[in-house]
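Trainee: Please build the complex by placing chain B on the supplied structure of chain A, with the hints as guidance.
2 protein chains.
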Amino acid sequence: MIHNFKDFDLDSLFSSINSDLLTVDSIIAENIFCEIDFIDKSLLGLIDNNRKRIRCALVVLFSKIACVANTDLTFKLAACVEILHNAALIHDDVIDSAKFRRGIISVPAELGNQIAVLAGDYLFARSLSVLPENISVIIRNSLISAVQDMTKGELLQLSRKDLVSFDEEFYYQTISLKTAKFMSACCFIGQKLAVNSKYDSISSEFGEKLGMAFQIVDDVNDYEFEFSDTGKMNGVDYFEGKITLPLIVLWKNSTLDFRKKIIKLFNKRNKKNFNKLCKLLKDSETLLQCRNIALQYAEDCRELLKKLPDCASKDILEKLTYFVTNRKY
Amino acid sequence: MIHNFKDFDLDSLFSSINSDLLTVDSIIAENIFCEIDFIDKSLLGLIDNNRKRIRCALVVLFSKIACVANTDLTFKLAACVEILHNAALIHDDVIDSAKFRRGIISVPAELGNQIAVLAGDYLFARSLSVLPENISVIIRNSLISAVQDMTKGELLQLSRKDLVSFDEEFYYQTISLKTAKFMSACCFIGQKLAVNSKYDSISSEFGEKLGMAFQIVDDVNDYEFEFSDTGKMNGVDYFEGKITLPLIVLWKNSTLDFRKKIIKLFNKRNKKNFNKLCKLLKDSETLLQCRNIALQYAEDCRELLKKLPDCASKDILEKLTYFVTNRKY
Numbered sequence: 002m003i004h005n006f007k008d009f010d011l012d013s014l015f016s017s018i019n020s021d022l023l024t025v026d027s028i029i030a031e032n033i034f035c036e037i038d039f040i041d042k043s044l045l046g047l048i049d050n051n052r053k054r055i056r057c058a059l060v061v062l063f064s065k066i067a068c069v070a071n072t073d074l075t076f077k078l079a080a081c082v083e084i085l086h087n088a089a090l091i092h093d094d095v096i097d098s099a100k101f102r103r104g105i106i107s108v109p110a111e112l113g114n115q116i117a118v119l120a121g122d123y124l125f126a127r128s129l130s131v132l133p134e135n136i137s138v139i140i141r142n143s144l145i146s147a148v149q150d151m152t153k154g155e156l157l158q159l160s161r162k163d164l165v166s167f168d169e170e171f172y173y174q175t176i177s178l179k180t181a182k183f184m185s186a187c188c189f190i191g192q193k194l195a196v197n198s199k200y201d202s203i204s205s206e207f208g209e210k211l212g213m214a215f216q217i218v219d220d221v222n223d224y225e226f227e228f229s230d231t232g233k234m235n236g237v238d239y240f241e242g243k244i245t246l247p248l249i250v251l252w253k254n255s256t257l258d259f260r261k262k263i264i265k266l267f268n269k270r271n272k273k274n275f276n277k278l279c280k281l282l283k284d285s286e287t288l289l290q291c292r293n294i295a296l297q298y299a300e301d302c303r304e305l306l307k308k309l310p311d312c313a314s315k316d317i318l319e320k321l322t323y324f325v326t327n328r329k330y
Numbered sequence: 002m003i004h005n006f007k008d009f010d011l012d013s014l015f016s017s018i019n020s021d022l023l024t025v026d027s028i029i030a031e032n033i034f035c036e037i038d039f040i041d042k043s044l045l046g047l048i049d050n051n052r053k054r055i056r057c058a059l060v061v062l063f064s065k066i067a068c069v070a071n072t073d074l075t076f077k078l079a080a081c082v083e084i085l086h087n088a089a090l091i092h093d094d095v096i097d098s099a100k101f102r103r104g105i106i107s108v109p110a111e112l113g114n115q116i117a118v119l120a121g122d123y124l125f126a127r128s129l130s131v132l133p134e135n136i137s138v139i140i141r142n143s144l145i146s147a148v149q150d151m152t153k154g155e156l157l158q159l160s161r162k163d164l165v166s167f168d169e170e171f172y173y174q175t176i177s178l179k180t181a182k183f184m185s186a187c188c189f190i191g192q193k194l195a196v197n198s199k200y201d202s203i204s205s206e207f208g209e210k211l212g213m214a215f216q217i218v219d220d221v222n223d224y225e226f227e228f229s230d231t232g233k234m235n236g237v238d239y240f241e242g243k244i245t246l247p248l249i250v251l252w253k254n255s256t257l258d259f260r261k262k263i264i265k266l267f268n269k270r271n272k273k274n275f276n277k278l279c280k281l282l283k284d285s286e287t288l289l290q291c292r293n294i295a296l297q298y299a300e301d302c303r304e305l306l307k308k309l310p311d312c313a314s315k316d317i318l319e320k321l322t323y324f325v326t327n328r329k330y
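Line by line, the protein sequences give chains A and B.
Just add 1 to wherever you are in the first sequence, counting from 1, and you've got our numbering.
Just add 1 to wherever you are in the second sequence, counting from 1, and you've got our numbering.
One or more of the hints may lead you astray.
The list makes no distinction among identical chains, and a pair is therefore deemed to hold if it is satisfied within one copy or across any two copies.
[Said to hold, decoys possible] Cross-link-like lysine-lysine pairs, in silico, DSBU-like; alpha carbons within 30 Å at most: (1) Lys162 - Lys42; (2) Lys243 - Lys100; (3) Lys162 - Lys100; (4) Lys243 - Lys329; (5) Lys100 - Lys269; (6) Lys77 - Lys283; (7) Lys272 - Lys315; (8) Lys253 - Lys42.
If you're looking for bench data, these hints aren't it; they were derived computationally from the structure.
One chain only, chain A, in its complex shape:
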C-alpha cells in the first residue's frame, strides 16, 4: 500500500494517543518556565509551535507496545525528551542563525542569541528535573548518551566543510549521531520502562533507522521546498556551508569537470548559485536518489515492526514511517 503525504497529518496520526500527548504537554508546561515573562512567552510559543512531537510520541508508543503499566513514568519520560529536544532546537537555531521555525519567529530571532543560548541551557537543566528520580540507570544513561551523541554529531558536521573529505560514510556517521541516536533512545527507553523489556534491539534499530530517514528527508527538503511550502527557510544548510547528502551524491556521480562547477556553486554562496544548485540536483535526479535512500530506511523500519506484536501503537508507527519520508516540514 502506498501512502500519500495527504493521507494523514500528524494530528490525525496521533489522534488515538492524543490524550496521552496532552498529559505530556501539561507536564512540559509545568516545567519549562523560568518566571521571566517575555522569555516564558517565547518558550511557550516554541513548545506550542512544535506540534510534531514525534520524539515524545515514540516514547509513548513503545511503552504501550511493551505494555508498561506505569503511565506516570511514561509521561514524565516523554516530557523529558521533548524538553531536551526543544533545548536542542533553540541551540540549533542559534547555530544556523535561523530566523524562523515552522513559520514562527525563532527564539534567537525573537530574544537574541544571548538569551537563546541560556534558554536552551535552562531547558536542558529542566529536562533533567522532569526525569523521574526512580528511573533506571540504563534509561538515564541512554538519554545522556543520546544528548552527547547529538552534540557530537553537530560538531562533526561543522568540523568538515569541504566536499572532498565529506563522503557518504562520514555523512551517515554524522546524522546517526546528531539525529538518529536520539530517536533510537526515545524508542528504547519507552519500552525499557517495562519490567521485563523484550524489545531492546528492535526498538533501538527502529528509532535509529527512522532517524536516518527523517534527517535525510530534512536535508533533501532544504534543497527542494520553499519557505511558503514549509514555514521553514530553505537553503539553510547551503548558506551555512553545511554539506549534506544531496551534495555528496551529486559530487560522487560527477565528472572532474563537473565537480569544479559544483565547488564553485558551493564556495560562492548566494541566492543565484543556490538556485542553480537546486536545479542541478533536481535535473540530475539526485534529490530523487536521496529520497530513495530515505525510503529504504523507512522500509527497514517496517521490516522491524513485523517482529512486534500487532497493536494500535504498531499501526501508528507504521504510518509514521510513511509520514517521515513524505513530509515537507
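Mentor: Okay, now just chain B, sitting in the frame of chain A:
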C-alpha cells in the same frame, strides 16, 4: 590577621590537596574529548587554563571535612562540577562575546560561536556521564538545581537593562542564582557524600556566601583592573550593558542630576565614557563600598567555619575566603 593577596596564590593554597586535584584533572581529561582534534585541543586549553579549580576544590575540601571514605566518588563528583563549570564558561564567553579568558583566547573566539555553543552542550552532557551512577538522589538533584539556577540567574541579569528597575535586591537575587548557588551546591554535595552528613546547612551557607563575595569582587574588578593586570578584558559588563553592583550603589547614592549623568555614560557606551565611569566609581569610593560588602560576606563565611571541626581542609577554606576578596582575576 589580615591576609594580603600576595600571601598566597591558589596553587600554594591548594598544595596540600594537589594530588587529589591532579586525580580530578585526569578524570576530566579522560572525559571531555569529542574526538575532533581542533575542538579537543581548544577544550584542553580551556581546562588547562582554568587553574582556579575553586569549585572542584570545594567538593574535595568538604568531603574531607565530613571524613568521606570513598575518594573515588569524591573525585568523580569534583570532576563533574568542574566540567559543568567549564561548559558554563564557554557559553558565558559566547554571551559576553569575550575574546579572552584569563589571557588566553576564548573558545568562541578561537572556534566561532557555533562550535562554542555545541562544545558547551557537549561538556554539559559529558559532565552527567562522569556523575557516578550510584550517587544519591539528593546530590543529583542539588547539582541539577544549581545548573538551573545558574542559567536562570544569567537570564534574569539579561532581562533588565535599565538602572531604574535594577536595584540592589534584584542584583543579589541575580548573583545568588548565577554564581552562589552553584558554589553552595559544590560545598553541600562534597560533605553529603558522607554516610551521615552533619554539615548540610553550614556547607550550603558557606558556599552561598563565598559565591556572593566571589561575584561581587568579579563585578568590581571589571571596573577596576585592566587586561594587563588580569588577562581578562575589563569593562565587559559595561559594554554588554550589564548592570552590576558598582553601578547600582553609585546610582543609589546619587542626586537626581547626577543620575542623569550616570545614565548618559551608561547608555552611550564607548571607551571614553567607560573611563569616566571608572573614575566616578573610584573617586566616589563606590568600588571600596562594594568591596566592603564582599568582605562582609567573606567574614560571614569565616564565622560559619568556626562551627566546623578544626582540620587542614578548614584552614584552606579560611584562606580561600581571603583569596576570593583579594583576587584580581
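Trainee: All the hints need checking, so say for each whether the structure fits it.
Mentor: Hint-by-hint comparison with the structure:
Taking the closest pair of Cα atoms, Lys162 and Lys42 come within 30 Å of each other only across two copies (19 Å); inside a single copy the shortest separation is 36 Å, beyond that limit. For a Cα distance limit of 30 Å, the shortest separation of Lys243 from Lys100 qualifies both inside one copy, at 17 Å, and across copies, at 25 Å. For a Cα distance limit of 30 Å, the shortest separation of Lys162 from Lys100 qualifies both inside one copy, at 22 Å, and across copies, at 24 Å. Taking identical chains as interchangeable, the C-alpha atoms of Lys243 and Lys329 lie at most 30 Å apart only when both belong to the same chain, with a minimum of 20 Å there against 42 Å between chains.
Taking CA atoms no more than 30 Å apart as the test, Lys100 paired with Lys269 passes in both settings, with 22 Å inside one copy and 28 Å between copies. Taking CA atoms no more than 30 Å apart as the test, Lys77 paired with Lys283 passes in neither setting, with 43 Å inside one copy and 53 Å between copies. Taking identical chains as interchangeable, the C-alpha atoms of Lys272 and Lys315 are never at most 30 Å apart, the minima being 43 Å within one chain and 64 Å between chains. With identical chains, the CA atoms of Lys253 and Lys42 are never at most 30 Å apart, being 46 Å at best within one copy and 32 Å at best between copies.
Checked against the numbered hints given earlier, this structure breaks hints 6, 7 and 8; the rest are met.
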